[in-house]
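> Sequence:
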Amino acid sequence: MPENPATTEFFSHSSPDVAFRRIENLLKASQSLVRIESIELLLPSLLEMAKDVTNAEAASILLFNPESEELCFYHAIDPDPDAAPIPSDVCHEYPDAVTLCGAGCFARLFQHASVSSALSSIRLRLGEGIAGSVARERRAVLVRDARSDPRFSPRADAVTGFTTRNLICAPLLYQDELLGVIEVLNALDRESFVEEDVKVLECFACLAAESLQRAALLNARVAQKALEAQLEAAAAIQSSFLPHLGDTHGGVRAWGVTRPARFVGGDLYDVMPLPDGTGLAYVADVSGKGLPASLIMAAAWAQVRAEANRTPEPGPLLERVNNALVRTLERQAHFVTIVICRYGLPGGLVQLASGGHPAPLLAGPDGVAELERTNSLPLGIEEDTPYPMTEFVIEPGGSLLLFSDGLFEAEDTDGAMLGMQRVLNALAGATPPLGEPVLEIFETFTRGAEAADDLTILELSRVSA
0 MPENPATTEF FSHSSPDVAF RRIENLLKAS QSLVRIESIE LLLPSLLEMA KDVTNAEAAS
60 ILLFNPESEE LCFYHAIDPD PDAAPIPSDV CHEYPDAVTL CGAGCFARLF QHASVSSALS
120 SIRLRLGEGI AGSVARERRA VLVRDARSDP RFSPRADAVT GFTTRNLICA PLLYQDELLG
180 VIEVLNALDR ESFVEEDVKV LECFACLAAE SLQRAALLNA RVAQKALEAQ LEAAAAIQSS
240 FLPHLGDTHG GVRAWGVTRP ARFVGGDLYD VMPLPDGTGL AYVADVSGKG LPASLIMAAA
300 WAQVRAEANR TPEPGPLLER VNNALVRTLE RQAHFVTIVI CRYGLPGGLV QLASGGHPAP
360 LLAGPDGVAE LERTNSLPLG IEEDTPYPMT EFVIEPGGSL LLFSDGLFEA EDTDGAMLGM
420 QRVLNALAGA TPPLGEPVLE IFETFTRGAE AADDLTILEL SRVSA
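Quick note: the sequence shown uses numbering that gives the first Met the number 0, first residue 0, plus one each step.
In case anyone wonders, no lab produced these hints; they're calculated from the structure. Since we're looking at a predicted model, the values are computed, not measured. Some hints here could point you the wrong way.
[Unchecked claim] Capping the alpha-carbon separation at 25 Å, the derived lysine to aspartate or glutamate pairs in DMTMM-like fashion look like this:
1. LYS27 x GLU381
2. LYS27 x GLU66
3. LYS27 x GLU382
4. LYS27 x GLU194
5. LYS27 x GLU195
6. LYS27 x GLU201
7. LYS27 x ASP383
8. LYS27 x GLU329
9. LYS27 x ASP188
10. LYS27 x GLU231
11. LYS27 x GLU227
12. LYS27 x GLU47
Produce the entire structure from the sequences given, and follow the hints as far as they go.
Below you can see the structure in the form of structure tokens.
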């Protein structure tokens with residue numbers, strides 16, 4: 000799967016701990032949004048969440064009217080509950096007030112029954128002001144110094160009493176359809192927003208757009224489109240986690256592939272070189288599908304990376320990651336299966352631990368064998384679960400094959416299952432590397448059949464001495 004540069008940048012510039020907190024906030028937002036169906040409840044919730052995920056002082060939303068091709072200010076929130084609403088004639092005279100200085104100034108205005116009449120005078124054309132520019136270009140912008148931006152109107156600040164120092168504005172897109180824009184104003188506890196905040200708001204805007212569409216049009220046709228938009232967004236997020244492979248580290252070269260059954264899957268693999276010259280590699284499988292599963296996968300990815308340098312041994316590492324995910328996934332019907340190994344130890348020694356995941360295959364001079372599967376629980380189910388560690392050696396020229404259950408549970412056009420024994424039989428007499436041959440076995444067996452599950456294969460080959 001190709002990498003998404005924007006999403007990759009969002010993660011790569013944060014420390015693993017910060018990335019995990021950001022992903023956790025997005026995950027909580029996703030879990031909350033799916034329970035809100037009323038547009039009246041959704042809009043203020045979106046704004047509070049937008050402030051939380053970006054640590055902003057204020058937020059606002061403008062919705063797009065495709066018939067008039069205008070943006071209509073719909074809702075805003077700031078931390079001042081006593082602020083007076085700005086008169087609608089001022090909004091008409093200073094349209095930039097809507098997007099640049101209006102966060103909070105209009106919140107009280109739309110708490111009354113005359114919402115539609117008030118909205119009629121609060122409009123922006125495409126390309127007008129920062130919000131109109133973002134809507135037209137369909138690209139988020141970061142304004143670090145509002146006063147120096149030529150699109151900013153200082154008169155609006157003077158009228159509203161709100162001081163806009165900096166802002167991020169992102170489009171609300173459902174598939175290719177423009178729904179509006181969302182913006183956050185004034186970074187808290189720092190001079191300005193940074194590029195990573197833009198990526199966070201873009202990701203949140205994707206969640207917000209899907210929620211707005213679902214709340215506005217509750218029928219079967221739109222529900223299907225909402226699902227597709229969710230999966231496309233999840234695929235973009237998921238693609239950013241795939242590591243760069245091909246380099247040799249710790250005497251091992253990695254090869255990997257992941258094939259989601261549909262737009263996006265719950266599978267993940269990662270390879271992490273460690274400062275001590277060893278490395279960690281794993282394959283994980285998140286229960287569930289769609290954007291929530293993708294965000295859980297992101298949380299697992301970030302937490303493993305956050306703990307890896309502190310706790311490189313696979314068993315204790317899984318224990319720490321599990322405890323963190325139990326708290327993150329509290330009262331959520333999701334879990335993560337995983338098999339993780341530490342390679343690059345002297346003599347080709349490998350340490351391995353697993354949580355509810357299929358056992359790997361070990362290939363060497365004597366052929367290919369399935370390692371013994373452990374009975375430990377998947378991650379995210381029960382706190383303080385132990386994850387025993389096993390050790391073995393990859394011989395020079397040998398390899399270790401990690402995979403998800405989508406390999407041996409794959410079905411052909413008649414509904415027959417591939418099964419692990421069929422894979423082992425097909426590999427009889429084969430020599431490493433085995434990743435591509437196993438993929439060919441899978442593709443030949445399932446040709447013409449609809450994929451029912453995701454497939455992930457990760458091979459670690461020990462470079463010959």
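> The structure should be examined with respect to each hint, and the outcome stated for every one.
Hint by hint, here is what the structure shows:
1. Annotation: proposed proximity of LYS27 to GLU381 holds, straight-line Cα distance about 20 Å (limit 25 Å).
2. Of the pairs offered as hints, the one joining LYS27 and GLU66 is violated, with about 35 Å between alpha carbons and a cut-off of 25 Å exceeded.
3. With a C-alpha separation of about 20 Å, the suggested pair LYS27 and GLU382 falls inside the 25 Å cut-off, and the hint holds.
4. At roughly 22 Å between alpha-carbon atoms, LYS27 and GLU194 fall within 25 Å of each other, so this suggested pair holds.
5. The suggested pairing of LYS27 with GLU195 holds, with an alpha-carbon distance near 19 Å, which does not exceed 25 Å.
6. Among the hinted pairs, LYS27 with GLU201 is consistent with the structure: their alpha-carbon atoms are about 16 Å apart, no more than 25 Å.
7. Taking the CA atoms of LYS27 and ASP383, the gap is about 23 Å. The hint holds against a cut of 25 Å.
8. Straight-line distance between C-alpha atoms of LYS27 and GLU329 comes to about 11 Å, which keeps the hinted pair within the 25 Å bound.
9. Between the alpha carbons of LYS27 and ASP188 the distance comes to roughly 23 Å, so the proposed pair stays at or under 25 Å and holds.
10. Only pairs whose Cα atoms come within 25 Å are accepted, and LYS27 paired with GLU231 is accepted, the gap being roughly 20 Å.
11. Annotation: proposed proximity of LYS27 to GLU227 holds, straight-line Cα distance about 21 Å (limit 25 Å).
12. At most 25 Å may separate the alpha-carbon atoms for a hinted pair to count; LYS27 and GLU47 meet this at roughly 12 Å.
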